[in-house]
Amino acid sequence: MVRIDQLTQTHLDILKEIGNIGAGNAATALSGLLGKKIDMTIPSIKIVDFNELMEYVGGPDTIIVTVFLRIQGEAPGTMFFVLSPEETNSLVEQLLGNRDFRAEEMMEHELAYSAVSEIGNILSGSYLSALSDFTSINMQPTVPALVMDMAAAILMEGLVEISQESDHAIIIDTMIEDGENSEHSVKGHFFLLPDPDSFNKIFAALGVLDK
Amino acid sequence: MIITPSIIKVGIADLKITKAPNTLKTSGLGSCVGVVIYDTTHKLAGMAHIMLPDSAASKRETNNAMKYADTAMDILLEGLKKQGANKFSLKAKMAGGAHMFSFRSENKMLRIGDRNVDAVHSILANFNIPVMAEDVGGNKGRTIEFNIETSMLEIRTVNSGIKII
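First to last, the protein sequences are chains X and F. full-length UniProt numbering puts the first residue of the first sequence at 1, with every later residue one more than the last. full-length UniProt numbering puts the first residue of the second sequence at 1, with every later residue one more than the last.
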């Protein structure tokens with residue numbers, strides 16, 4: 001059993017590679033959808049307690065737009081695709097040509113809601129299928145849910161499974177960004193949070209589990 | 001001596017005890033429950049930000065006791081007693097226990113918000129502490145602040161403004 005405090009550099013590099021492969025695939029999908037060049041950052045791995053995680057996203061009160069899904073199968077975990085309300089606005093603008101859209105109205109705006117949900121759906125699906133292919137681990141996403149609310153309220157509900165076993169989460173964060181237009185850029189963060197028991201499965205599947 | 005009121009922040013899986021004129025605040029309650037136990041005579045109050053209903057269901061031992069309803073309430077009551085609270089004049093208010101994602105609510109085990117609220121209710125009943133007011137359930141995140149001087153709990157949500165109970 002690999003515990004959080006026993007992770008070696010090799011383990012962390014593998015988790016980064018997972019973020020790389022998943023987000024790379026998602027960036028390609030988004031690029032195809034928007035007909036634009038999409039950049040991505042080098043993934044970062046953070047081992048954080050719950051309060052640190054909230055600071056990481058800008059504080060527990062920060063309003064975020066999130067597509068949330070649970071990963072079921074051999075290596076369960078939680079995944080979030082996080083956008084700020086402003087980034088959601090520019091995404092909707094690019095998808096629907098609606099310049100006056102405000103994220104605050106998203107829950108009432110059916111077309112925008114389903115457009116953002118669908119983007120989240122496609123991106124998280126391509127992230128996970130790349131991951132599943134790479135590790136040969138069977139991963140099935142639940143139907144994604146789209147919510148806009150306070151960061152802590154959203155993220156903590158997604159962390160219920162993790163919190164039952166641990167006070168820390170390992171977060172694999174990759175950002176994708178619309179590279180052409182800096183004024184109306186869309187930056188989205190993928191947060192992948194494997195359940196504590198899933199790390200062994202992932203490491204074993206990639207042949208680096210220390211005996 | 002003039003005491004400047006300060007806002008005492010309670011983190012996730014955390015609890016704090018303080019006296020008036022200070023206020024107690026915790027941010028972004030989703031399925032988590034924020035519980036305030038207060039003593040109006042001594043102008044003393046404690047707030048806990050609870051994540052999970054039951055410490056016995058935990059698989060590991062090294063966990064933070066302030067995370068669970070049962071253990072957090074024990075610590076909170078012990079702390080209030082130490083600061084001179086009268087056991088018989090304690091009252092409670094609570095908020096939180098929402099379901100942020102509708103698809104999760106089909107399975108009862110996953111309705112963690114409801115389970116947190118139920119757990120806090122039964123623990124408070126065991127200690128004979130009356131719940132004076134509550135704002136629980138729904139699908140909105142809440143930020144709460146308790147004014148010890150007035151015993152009022154202010155609840156802020158993203159879309160529905162401010163509510164005071």
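Just so you know, the hints here were simulated from the structure itself, not pulled from any lab data. Each residue gets a CB set at the ideal place from its N, CA and C atoms; glycine is no exception. Heads up, some of the hints might be wrong.
[Said to hold, decoys possible] Residues from chain X that face chain F, not an exhaustive set, calculated with beta carbons under 8 Å:
1. D13
2. I14
3. E17
4. G73
5. E93
6. M150
[As the list claims (entries may be wrong)] Pulled from the structure, derived: some chain X residues nowhere near chain F, Cβ distances all over 10 Å:
7. Q6
8. N51
9. I63
10. Y113
11. S132
12. M139
13. M148
14. I154
15. M156
16. S163
17. Q164
18. K187
19. S198
20. K201
Hints and how they fare:
A least Cβ separation of about 27 Å between X/D13 and chain F goes past the 8 Å threshold, and the interface hint is therefore violated. The restraint placing X/I14 at the interface with chain F is violated, with a minimum CB-CB distance near 24 Å, outside the 8 Å limit. Residue-level restraint check for X/E17 is violated (minimum Cβ-Cβ distance to chain F is 28 Å; threshold 8 Å). For the restraint placing X/G73 at the interface with chain F, the shortest Cβ-Cβ distance is roughly 17 Å, beyond the 8 Å limit, so the hint is violated.
A hinted interface residue such as X/E93 counts as satisfied when its beta carbon comes closer than 8 Å to some beta carbon of chain F; here the least separation is about 22 Å, so the hint is violated. With its C-beta approaching chain F no nearer than about 4 Å, X/M150 sits inside the 8 Å limit, and its interface hint holds. For X/Q6, the condition that its CB be more than 10 Å from all CB atoms of chain F holds, with the nearest at approximately 14 Å. With 10 Å as the threshold on Cβ separation, the claim that X/N51 sits away from chain F is violated: the shortest Cβ distance comes to roughly 4 Å.
The non-interface label for X/I63 is inconsistent with chain F: the shortest C-beta to C-beta separation is roughly 6 Å, within 10 Å. No Cβ of chain F approaches the Cβ of X/Y113 within 10 Å, the least distance being about 13 Å, so the stated non-interface status holds. The claim that X/S132 is not at the interface with chain F holds, since no C-beta of that chain comes within 10 Å of its own (minimum 21 Å). At roughly 18 Å, the least C-beta separation between X/M139 and chain F is larger than 10 Å, which holds for a residue marked as non-interface.
Its beta-carbon lying about 7 Å from the closest one in chain F, X/M148 breaks the requirement of being farther than 10 Å from that chain. Separation of X/I154 from chain F is inadequate, the least Cβ-Cβ distance of about 6 Å not exceeding the 10 Å criterion. At the 10 Å boundary, the C-beta of X/M156 falls inside the reach of chain F, the nearest C-beta of that chain being 5 Å off. Non-interface status of X/S163 relative to chain F is broken: a Cβ of that chain comes within 10 Å, the nearest being about 6 Å off.
The Cβ of X/Q164 does not lie farther than 10 Å from every Cβ of chain F; its closest approach is about 6 Å, which violates its non-interface assignment. With a least CB separation of 21 Å from chain F, X/K187 remains clear of the 10 Å interface cut-off, as annotated. Every beta carbon of chain F lies more than 10 Å from that of X/S198, the smallest distance being close to 14 Å; the non-interface claim holds. Against chain F, the non-interface label of X/K201 holds: every CB pair exceeds 10 Å, the least being about 17 Å.
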